[in-house]
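Trainee: Using the hints, position chain B against chain A.
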Amino acid sequence: DAEITQSPRHKITETGRQVTLACHQTWNHNNMFWYRQDLGHGLRLIHYSYGVQDTNKGEVSDGYSVSRSNTEDLPLTLESAASSQTSVYFCASSPAGGRTDTQYFGPGTRLTVL
Amino acid sequence: QKEVEQDPGPLSVPEGAIVSLNCTYSNSAFQYFMWYRQYSRKGPELLMYTYSSGNKEDGRFTAQVDKSSKYISLFIRDSQPSDSATYLCAMVAGNMLTFGGGTRLMVKP
Chain A
334 DAEITQSPRH KITETGRQVT LACHQTWNHN NMFWYRQDLG HGLRLIHYSY GVQDTNKGEV
394 SDGYSVSRSN TEDLPLTLES AASSQTSVYF CASSPAGGRT DTQYFGPGTR LTVL
Chain B
34 QKEVEQDPGP LSVPEGAIVS LNCTYSNSAF QYFMWYRQYS RKGPELLMYT YSSGNKEDGR
94 FTAQVDKSSK YISLFIRDSQ PSDSATYLCA MVAGNMLTFG GGTRLMVKP
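Sequence lines, in order, name chains A and B. Heads up: the first sequence begins at 334 in the numbering used here, then just goes up one per residue. Heads up: the second sequence begins at 34 in the numbering used here, then just goes up one per residue.
Okay, chain A solo, but in the shape it has when bound (with noise of 0.2 Å):
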């Protein structure tokens, strides 16, 4: 079955340390997207792609960078942990066309900066 997989699941890192999420999706998603959600705040938008070699900053971007490759992968790298980094993440991929708003999200990575 197509699913889209994230790693680590939890990871526990210290503040300045450059640290990279993996999302991995099997469905063959033009479109895919990372989400930050903290108590309070909800799921808030970091990076979205919308195919290989396309990224986008969303609303909270700040100190997160992403690449795209190939269609599978959306890496999320924080350049310099931060203890206001520590959040559960979570990855998104939609099809491209037609209502690409229906998100299927990964199980989230819980990290924490210390």
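Treat the hints as calculated values from the structure; they're not laboratory data. Just so it is clear, CB atoms sit at the ideal spot from N, CA and C, and this is done for glycine as well. Mixed in with the good hints, there may be bad ones.
As the list claims (entries may be wrong) - Cβ pair distances, simulated, as ranges: (1) B/LYS35 - A/THR445: 24 to 34 Å; (2) B/ALA50 - A/ILE345: 39 to 49 Å; (3) B/GLN113 - A/ILE345: 29 to 39 Å.
Unchecked claim - With a straight-line Cα cutoff of 30 Å, these simulated DSS-like cross-link-like pairs (lysine-lysine) come out: (4) A/LYS390 - B/LYS103; (5) A/LYS344 - B/LYS75; (6) B/LYS35 - A/LYS390; (7) A/LYS390 - B/LYS75; (8) B/LYS35 - B/LYS89.
Mentor: Chain B alone, transformed into the frame defined by chain A:
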């Protein structure tokens, strides 16, 4: 003021009760409205999708949209303990989703 407002709860109801979950919004550009369900330590999953004002029913779930009042609702009939989760409303303008903060629902046996 957030674009989408949702009471965080928690909302605790007995099994079999009718549950009403609500969101208000301020952006008139929102065209599509969705409800996602999120179990603890899982990713959100799409539950209901509506476009126009009015009601849409799917089994025990009914989604209601009132664009004139900028208000959407999700009703759950005959609630079950398995319905215990966080329910997030989401709204679409262009290709972007804007989420409410989620309401945590607990259905007690």
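Trainee: Any of the earlier hints contradicted here, and which numbers?
Mentor: Every hint satisfied by this model.
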